[in-house]
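Participant: Below, each chain spelled out in residue letters.
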Amino acid sequence: MSSDQDHLQQTDTEERFDFKKDSKAAYAAEKGLTEETIHAISDDKDEPDWMRERRLRALEQFQAMPMPTDWPGQPDLSELDIDEIVPYVRPDIETRGGVDDWTDLPDEIKDTFDKLGIPEAEKNALSGVGAQYESEVVYQNMQERWEEKGVVFCNMDEAVQEHEELVKEHFMTNCVPPSDNKFAALHGAIWSGGSFVYVPEDVTVEMPVQAYFRMNSEGMGQFEHTLIIAEENSEVHYIEGCSAPKYSAFNLHSGGVEVFVGEDAHVQYSTVQNWSKNTYNLNTKRALVEQEGRMEWISGSMGSKATMLYPSTVLKGRGASDNHITIAFAGEGQDIDTGAKVYHNAPNTKSTIESKSISKDGGRTNYRGLVHIADGAENSSTAVECDALMFDNESTSDTMPYMEINESKVDVAHEATVGKIGDEDIFYLQTRGLDDDDAKQMIVSGFIEPITEELPIEYAVELNRLVELEMEGSLG
Amino acid sequence: MATLEINNLHAEVAENGERILRGVDLEVESGEIHALMGPNGSGKSTTAKVIAGHPAYDVTEGEILLHLDDEDLADIDEELEEEHYHWDLLDLEPNERAALGIFLAFQYPAEIEGVTMTNFLRQALNAKHEEREELFEDEEEAEADDEDEGYESSPMEGPQDEGEIGVAEFQQILSEKMELLDMDESFAQRYLNAGFSGGEKKQNEVLQAAILEPSIAVLDEIDSGLDIDRLSDVAQGIERLSDEQGTGVLQITHYQRILDYVEPDRVHVMLDGEVVMDGDAELAEELEEEGYDWVREQVYETA
Chain W
1 MSSDQDHLQQ
11 TDTEERFDFK
21 KDSKAAYAAE
31 KGLTEETIHA
41 ISDDKDEPDW
51 MRERRLRALE
61 QFQAMPMPTD
71 WPGQPDLSEL
81 DIDEIVPYVR
91 PDIETRGGVD
101 DWTDLPDEIK
111 DTFDKLGIPE
121 AEKNALSGVG
131 AQYESEVVYQ
141 NMQERWEEKG
151 VVFCNMDEAV
161 QEHEELVKEH
171 FMTNCVPPSD
181 NKFAALHGAI
191 WSGGSFVYVP
201 EDVTVEMPVQ
211 AYFRMNSEGM
221 GQFEHTLIIA
231 EENSEVHYIE
241 GCSAPKYSAF
251 NLHSGGVEVF
261 VGEDAHVQYS
271 TVQNWSKNTY
281 NLNTKRALVE
291 QEGRMEWISG
301 SMGSKATMLY
311 PSTVLKGRGA
321 SDNHITIAFA
331 GEGQDIDTGA
341 KVYHNAPNTK
351 STIESKSISK
361 DGGRTNYRGL
371 VHIADGAENS
381 STAVECDALM
391 FDNESTSDTM
401 PYMEINESKV
411 DVAHEATVGK
421 IGDEDIFYLQ
431 TRGLDDDDAK
441 QMIVSGFIEP
451 ITEELPIEYA
461 VELNRLVELE
471 MEGSLG
Chain X
1 MATLEINNLH
11 AEVAENGERI
21 LRGVDLEVES
31 GEIHALMGPN
41 GSGKSTTAKV
51 IAGHPAYDVT
61 EGEILLHLDD
71 EDLADIDEEL
81 EEEHYHWDLL
91 DLEPNERAAL
101 GIFLAFQYPA
111 EIEGVTMTNF
121 LRQALNAKHE
131 EREELFEDEE
141 EAEADDEDEG
151 YESSPMEGPQ
161 DEGEIGVAEF
171 QQILSEKMEL
181 LDMDESFAQR
191 YLNAGFSGGE
201 KKQNEVLQAA
211 ILEPSIAVLD
221 EIDSGLDIDR
231 LSDVAQGIER
241 LSDEQGTGVL
251 QITHYQRILD
261 YVEPDRVHVM
271 LDGEVVMDGD
281 AELAEELEEE
291 GYDWVREQVY
301 ETA
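Those protein sequences? They're chains W and X, same order as listed.
The numbering of the first sequence is the working numbering, which starts it at 1 and goes up by one.
The numbering of the second sequence is the working numbering, which starts it at 1 and goes up by one.
No wet-lab data here; the hints were simulated from the structure.
As the structure is a prediction and not an experimental result, all values here were calculated from the model.
Please note that the accuracy of each hint is not assured.
Which chain X residues stay away from chain W? Per the calculated CB distances, all over 12 Å, these [stated by the list, open to error]: (1) Arg-22; (2) Leu-26; (3) Asp-70; (4) Ile-76; (5) Glu-83; (6) Glu-93; (7) Asp-184; (8) Asp-243.
Quick partial rundown of chain W residues pointing at chain X, CB under 10 Å, derived from the structure [what the hints assert, rightly or not]: (9) Met-65; (10) Met-67; (11) Tyr-428; (12) Leu-434; (13) Phe-447.
From the three backbone atoms N, C-alpha and C, an ideal C-beta is built for every residue, glycine too.
Work the whole structure out from these sequences, hints included.
Facilitator: Spelled out as structure tokens, the structure:
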């Protein structure tokens, strides 16, 4: 055992990071992604055989698939060295020193927390210090209030043990199979952590279920899996991630989200995420929606070097509906390629996609969308609206909406606007007393208002703050 | 008593150097109502924008001065130096001019989605007060203030530092002003000018002037596109600015129409980038009958 591992285990014990202890050791694997790595992960998590087999099969698929390189306008992934991934997964002692002590965090991270106006306790939680304790509290509260109704909300690793049948049935089977894409396969092989939400029939969870601290406490949760199962006529709003910068030594985030929306059920999945600027953010998120079910995706994507993320919804049952609201912000050196996919596979299905992007200082945003209406999905309708706001002539924004319409009795609308922040608009606000920066901020916060109004107030506020900080160029 | 003094103002379009203003002279005092008239393309709107500091124009000659007195500066706590009473607006940013009491009502105001009237107006009012303090405080204090204090409140709610106007207090101010202008309550929660009718936009400009209480308000064709009822509302609002707040009004207009409602103390006529004729309210009536060609002939003959 290396000295790194010794240190890790010691730290773990001190911090009472119980369930993470094993997985951390497991992740201190040899360089390169091999079957041994998978066995080590599975051993350490004490997983049932079926999960081990799924991981191994996903690994095979990952190895067989080529890197995506030839999408039109695709972000450049050439610097992403997959063989280096596993060592990156292992926490780096020097930079993960923050586990012990807030003061060991890099200045830029502390600075950002300060600017966000986050109190010390919360900073500690967000940076991974003592977060595990905090997150247990979060889970506890949820359980007390909802467990008698049969609602489950727990860590995904725990769910494999405690709710094995449910997980076995739904985990990367028919929603996001590893064969979906190379990064879904990678995710299937080395996933760790994440959230499991189960809402039984006829239960409405009135308060949003939030995995706020836990995402951060994971630290290594760069391959976290979220599985949400909403049974018939149930309702839940799940909020993931945090709006504080995700401090990470890793350079690849490849999460997976699977949502099962039962008949007449309603699921809202909201996330505000801000990744460190060296991160490749390559995720697969999908929802399957049964008859008259309703899925809503609300997401704010900030940070990262390159993001490829297209939450997708399959409208399986008659009358199912889907609503996407996304916002992307790209600054210098960033390429944010994001959008939405909707498959209308049944009659009377309905979708709306509202995408907003902001680019500045040479950043690039791209809306990449796919709306597929199957033959026979009559009386379905879709409306896509993409708005791009650019700060300067160096920044770029593209819109690539694909529409595959195989049914004639449908209603399809697409609208795209691309604009530079208007000089006249800024001047108008300046004549009312706002300075140049405040005027721009006001225009941008108005621009993203459709997102912020959908989020609980604390997330909305932090999203606004993050955007402001991005605009000042003060985020590391 | 504030005075806006414009001397020999020359300006061109920054982008292509096209000369628009060729020596404008004007003087407006608070409490007075001036009408600036002239045919299309004579430079009226450009004059308004240059006064407010629009970046699309370069001033090549002349000056725009603002003279303030103790009454205008009653809200300032500092010991004031002589220079604080006299400002050259051309040295200042648009928001600094606003803080000193210059207001421009736009012919076509910007539409800002997602920003409610309430939120916008409260932020504007607070920004104006803050900027005002900065303009009048001495340099040492200014430096101390420059240190970043971080966020103390939600930017969505706007700043709520000491001395600033909070949400509840502002609501009160806003409702009162809106009632005076006979505006519907729902206005407050609508997005700034977004989807407003032409008349609503004009009314909104007057509302903003009523809230920001400028020393000098330049109203750029605030009468265009208004029906009679709305014109009368807007005109009442302008008179109130002048009578009750002592605002000096420079009313830019193409037609006599609004001057039937708001009688000007002085009327100025612009032609080809210059003020070529001055007079009292009767001049406006003459223009209505004789048209601008008459002015051109008069000026041409004297020249």
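Participant: Against each hint, give a clear statement of whether it holds in the structure.
Facilitator: The hints, checked one at a time:
no.: 1; hint: Arg-22; result: holds, 23 Å
no.: 2; hint: Leu-26; result: holds, 18 Å
no.: 3; hint: Asp-70; result: holds, 22 Å
no.: 4; hint: Ile-76; result: holds, 16 Å
no.: 5; hint: Glu-83; result: holds, 22 Å
no.: 6; hint: Glu-93; result: violated, 7 Å
no.: 7; hint: Asp-184; result: holds, 21 Å
no.: 8; hint: Asp-243; result: holds, 23 Å
no.: 9; hint: Met-65; result: violated, 41 Å
no.: 10; hint: Met-67; result: violated, 39 Å
no.: 11; hint: Tyr-428; result: holds, 4 Å
no.: 12; hint: Leu-434; result: holds, 5 Å
no.: 13; hint: Phe-447; result: holds, 6 Å
In summary, the structure is inconsistent with hints 6, 9 and 10 from the numbered list given earlier, while agreeing with the others.
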